[in-house]
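Asker: Sequence:
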Amino acid sequence: MTNDDTPRPQGTLALQTIAMPENANWNGDIFGGWLVSQMDLAGAVTARARAHGRVATVAIDSMAFLRPVPVGAVVSCYTRMQDIGRSSMQILVEVWIVEDSGALAKVTEGHFTFVAIDQNGRTRSVPRD
1 MTNDDTPRPQ GTLALQTIAM PENANWNGDI FGGWLVSQMD LAGAVTARAR
51 AHGRVATVAI DSMAFLRPVP VGAVVSCYTR MQDIGRSSMQ ILVEVWIVED
101 SGALAKVTEG HFTFVAIDQN GRTRSVPRD
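Per full-length UniProt numbering, residue 1 is the first one in the sequence shown, and the count goes up by one each step.
For the record, the hints were derived by calculation from the structure and aren't laboratory data. A few of these clues could be false.
Okay, the calculated beta carbon distance ranges per label pair [to be verified]:
no. : residue 1 : residue 2 : range
1   : W26       : H52       : 38 to 48 Å
2   : P21       : M63       : 19 to 29 Å
3   : R80       : G53       : 18 to 28 Å
4   : D29       : D5        : 25 to 35 Å
Keep in mind it's a predicted model, so treat the numbers as computed, not measured. For glycine and all other residues, C-beta sits at the position ideal for the given N, C-alpha and C.
The task is simple: from the sequences and hints, build the whole structure.
Answerer: Below is the structure:
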């Protein structure tokens with residue numbers, strides 16, 4: 001039996017990895033900057049697929065860290081396209097871990113903006129497929 005009130009990840013699993021000791025601070029928690037880099041990679045996977053090619057991160061807005069991530073946690077990044085402009089894409093990235101109890105726990109989220117770029121690094125239109 002599932003509880004419909006239980007929060008669940010929004011979007012599609014775009015990246016999954018394990019938090020390793022070299023990414024931890026002196027307390028044994030994972031650095032926030034490492035999490036942001038994983039989120040950027042996950043967002044880029046989604047943006048690149050939608051843009052059919054090269055993309056670049058241009059903005060990160062509204063980061064909210066909700067709880068620490070322990071070493072050894074399986075870190076899952078979920079993405080959801082929120083808006084598509086002429087050359088830009090706004091993507092919500094959520095990070096979830098599985099706690100020792102087996103429960104899913106949301107640890108952070110952020111709003112990332114990517115632009116589609118050509119081989120010369122100039123903006124280009126996002127295809128309308």
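Asker: So, for every hint listed, does it hold in this structure?
Answerer: Outcome of the hint check:
Look at W26 against H52: about 44 Å separates their beta carbons, and that is inside 38 to 48 Å. Hint check: P21 to M63, Cβ distance near 24 Å, so the stated range 19 to 29 Å holds. Here the CB-CB span from R80 to G53 is close to 21 Å, well matched to the stated 18 to 28 Å. The beta-carbon spacing between D29 and D5, approximately 28 Å, falls within the hinted interval of 25 to 35 Å.
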